[in-house]
Amino acid sequence: MTLKAVEINHLSIKFNEQLILNDINFSIEEKDFMAIIGPNGGGKTTLLKVILGILTPDEGKVKVFGKDPKKAKDLMGYLPQRLDFDHDFPINVFETVLMGRYHGLLKKYSNQDHKAVIQALKDVEMDELKDRQISKLSGGQMQRVFIARAIVRDPKLLIMDEPMASIDPEMQHSFYELMSRLKNKMAIVLVSHDVGAVSTHVDKIACLNQKLYYHGPVEDSAEGLEEVYHCPIELISHGIPHRVLKEH
Amino acid sequence: MLELFQYQFMQRALIAAVLVSISCGVVGSYVVIKKIVSLSGAISHAAFGGVGLGYFLGVNPVLAAIPFSIISAISIGGVKQITNISEDTAIGILWSVGMAIGVIFINLTPGYAPDLFSYLFGSILTVSNTDLYIMFVLDLVIIAIVFLFRREFLAVSFDEEFSNVVGLHALLVYMLLLSLVALSVVVLIKVVGVILLIALFTIPAAISKQYTYNLRNLMILATILAIILTSLGLILSFIFNLASGATIVMVLASAFLISYYIKG
Numbered sequence: 004m005t006l007k008a009v010e011i012n013h014l015s016i017k018f019n020e021q022l023i024l025n026d027i028n029f030s031i032e033e034k035d036f037m038a039i040i041g042p043n044g045g046g047k048t049t050l051l052k053v054i055l056g057i058l059t060p061d062e063g064k065v066k067v068f069g070k071d072p073k074k075a076k077d078l079m080g081y082l083p084q085r086l087d088f089d090h091d092f093p094i095n096v097f098e099t100v101l102m103g104r105y106h107g108l109l110k111k112y113s114n115q116d117h118k119a120v121i122q123a124l125k126d127v128e129m130d131e132l133k134d135r136q137i138s139k140l141s142g143g144q145m146q147r148v149f150i151a152r153a154i155v156r157d158p159k160l161l162i163m164d165e166p167m168a169s170i171d172p173e174m175q176h177s178f179y180e181l182m183s184r185l186k187n188k189m190a191i192v193l194v195s196h197d198v199g200a201v202s203t204h205v206d207k208i209a210c211l212n213q214k215l216y217y218h219g220p221v222e223d224s225a226e227g228l229e230e231v232y233h234c235p236i237e238l239i240s241h242g243i244p245h246r247v248l249k250e251h
Numbered sequence: 005m006l007e008l009f010q011y012q013f014m015q016r017a018l019i020a021a022v023l024v025s026i027s028c029g030v031v032g033s034y035v036v037i038k039k040i041v042s043l044s045g046a047i048s049h050a051a052f053g054g055v056g057l058g059y060f061l062g063v064n065p066v067l068a069a070i071p072f073s074i075i076s077a078i079s080i081g082g083v084k085q086i087t088n089i090s091e092d093t094a095i096g097i098l099w100s101v102g103m104a105i106g107v108i109f110i111n112l113t114p115g116y117a118p119d120l121f122s123y124l125f126g127s128i129l130t131v132s133n134t135d136l137y138i139m140f141v142l143d144l145v146i147i148a149i150v151f152l153f154r155r156e157f158l159a160v161s162f163d164e165e166f167s168n169v170v171g172l173h174a175l176l177v178y179m180l181l182l183s184l185v186a187l188s189v190v191v192l193i194k195v196v197g198v199i200l201l202i203a204l205f206t207i208p209a210a211i212s213k214q215y216t217y218n219l220r221n222l223m224i225l226a227t228i229l230a231i232i233l234t235s236l237g238l239i240l241s242f243i244f245n246l247a248s249g250a251t252i253v254m255v256l257a258s259a260f261l262i263s264y265y266i267k268g
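Chains as they are written, first to last, in this note's numbering: chain A, 4 to 251; chain B, 5 to 268.
Don't read these hints as lab results, they were simulated from the structure.
Be careful, since some hints might not be right.
Claimed, not checked - Per label pair, the in silico range of CB-to-CB distance:
id, chain 1, residue 1, chain 2, residue 2, range
1, A, G44, B, L136, 49 to 59 Å
2, A, E128, B, E91, 34 to 44 Å
3, B, I224, A, S141, 26 to 36 Å
4, A, G44, B, V141, 29 to 39 Å
5, B, K39, A, D134, 21 to 31 Å
6, A, D206, B, S42, 42 to 52 Å
Said to hold, decoys possible - With a cut-off of at most 27 Å between alpha-carbon atoms, the simulated DSSO-like pairs for lysine-lysine come out as follows:
id, chain 1, residue 1, chain 2, residue 2
7, B, K267, A, K133
8, A, K133, B, K213
9, B, K213, A, K17
To be verified - Which stretches of chain B does chain A cover? Using the computed rule of at least three CB atoms under 8 Å from a CB of chain A, they are:
id, segment
10, 153–162
11, 170–181
12, 251–264
As the structure is a computational prediction, the values presented were derived from the model and not from experiment.
The beta carbon of each residue, even a glycine, is placed where N, CA and C say it ideally should be.
Required output: the full structure, derived from the provided sequences and hints.
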């Protein structure tokens with residue numbers, strides 16, 4: 004039996020007495036390419052942060068490759084949702100990616116780290132721009148740099164929060180091309196509030212709105228999403244932030 | 005003009021200008037790129053509480069300001085993690101409470117506190133040898149910490165959330181960075197005073213940031229610029245018989261306008 008990339012049992016988490024995730028049970032297999040979809044405020048980012056070990060659940064168990072998430076940091080790569088940092092920040096592409104190889108207090112970056120950075124930049128086809136200051140990049144290039152930062156540790160699990168939010172629709176194609184190359188090497192989980200955009204590319208879908216509504220493979224057809232996913236489709240509004248009440 | 009430098013107080017003042025510029029260039033670069041200018045303003049005003057405490061206890065006010073400003077720096081850094089008070093609110097509270105504590109301690113101190121004004125607005129011409137030693141040691145401490153933790157400071161300044169993901173304790177590093185700000189405040193307190201010192205943190209680094217995209221170069225450039233501008237301010241204040249701290253700030257501000265005009 005192979006080790007699951009992520010295994011979650013009876014996970015619940017609260018913020019200020021408000022239940023954000025309620026009794027979540029699901030798993031991600033090695034080499035899965037999964038999208039977690041659901042409305043804004045449905046707990047998607049929270050779930051990612053629990054997997055990443057940034058947040059500790061109130062109830063339930065989370066294992067990443069059989070380990071506690073905090074001890075599995077080396078196995079995970081992360082692309083945050085917000086890439087709108089200070090654009091004048093004095094840092095170039097190479098230094099940005101190098102941060103993904105951070106080893107611990109007072110520990111230097113080695114030659115191996117430098118090689119890994121170049122390799123990660125090659126993987127995302129950004130190695131020629133390694134000395135460029137990050138504000139001089141386009142949105143799509145910038146995202147590639149941050150993907151390189153996420154994969155520079157050679158993770159076994161790549162976690163991406165709303166990767167579509169920071170790129171133009173025209174760049175989606177090259178994004179998925181990149182993903183299809185990466186998915187042979189690692190499990191990939193991405194979060195999106197837009198089911199239409201992701202469903203044709205990913206292999207599996209999890210539908211999340213406080214509870215997990217569906218979790219399984221995507222059918223080839225994008226028609227009849229509601230029946231296929233058993234996921235109330237109106238929950239998944241296209242870019243309109245709204246909160247949906249619990250089902251009665 | 006040259007006879008200016010024969011005065012001992014002037015020599016000390018110039019050494020002070022250099023020592024101040026080092027901490028401004030190095031720590032000011034972080035203050036500007038991490039966008040913690042108003043937070044640093046709060047720390048500097050809170051340091052005045054330490055000055056008052058120093059008077060009250062009869063110890064060197066500059067030394068008393070060290071623990072005081074470090075504690076305020078750390079508490080302001082931790083406040084949004086531990087409580088649901090926003091950092092902005094905490095800045096406003098600390099800013100005035102620190103000053104109030106300072107004033108009350110000075111009220112409670114028997115006798116007259118003659119150079120209170122110099123801690124508020126600075127008095128580079130009355131810097132003593134002891135002050136210079138304190139500034140020198142603090143500069144060394146600041147440089148050593150920045151050198152040791154440069155990777156951590158860069159990561160946390162750029163992206164705190166990602167730092168946590170790669171196993172860096174972002175909050176602790178952030179608090180250490182704020183403690184550096186606190187130490188720099190202490191270096192600056194005698195020279196420009198708690199009210200004016202934020203200009204020295206901000207302006208040299210802000211000007212230099214327009215010319216480089218490398219953090220180390222930014223620190224070096226900001227330090228050199230700070231040395232030139234504070235010395236110029238010092239000399240002008242002497243020639244025109246103006247308050248030194250205020251003159252330095254006006255020189256810095258003029259330099260900022262000029263560089264903005266050239267660049268923009």
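Cross-check of the supplied hints:
For G44/A paired with L136/B, a C-beta distance near 57 Å keeps the hint of 49 to 59 Å intact. Between E128/A and E91/B, the C-beta spacing of about 39 Å keeps the proposed range 34 to 44 Å intact. Distance hint check for I224/B and S141/A: the Cβ-Cβ separation is about 31 Å, which falls inside the suggested range of 26 to 36 Å. For G44/A and V141/B, the Cβ-Cβ distance of about 52 Å falls outside the hinted range of 29 to 39 Å, so the restraint is violated.
At about 25 Å, the beta-carbon gap between K39/B and D134/A stays in the expected band of 21 to 31 Å. A hinted range of 42 to 52 Å for the beta carbons of D206/A and S42/B is consistent with their spacing of about 48 Å. Between K267/B and K133/A the alpha-carbon distance is near 26 Å, which keeps this suggested pair within the 27 Å criterion. The hinted pair formed by K133/A and K213/B meets the criterion: a straight-line CA distance of about 20 Å does not exceed 27 Å.
Straight-line distance between C-alpha atoms of K213/B and K17/A comes to about 42 Å, which puts the hinted pair past the 27 Å bound. Counting residues of the segment 153–162 of chain B whose CB falls under 8 Å from any CB of chain A gives 7; the rule of at least 3 is met. For the segment 170–181 of chain B, the stated coverage by chain A is satisfied: 3 residues place a CB nearer than 8 Å to a CB of that chain, which reaches the threshold of 3. Counting residues of the segment 251–264 of chain B whose C-beta lies closer than 8 Å to any C-beta of chain A gives 0; at least three are required, and the coverage claim is violated.
The structure shown violates the earlier hints numbered 4, 9, 12.
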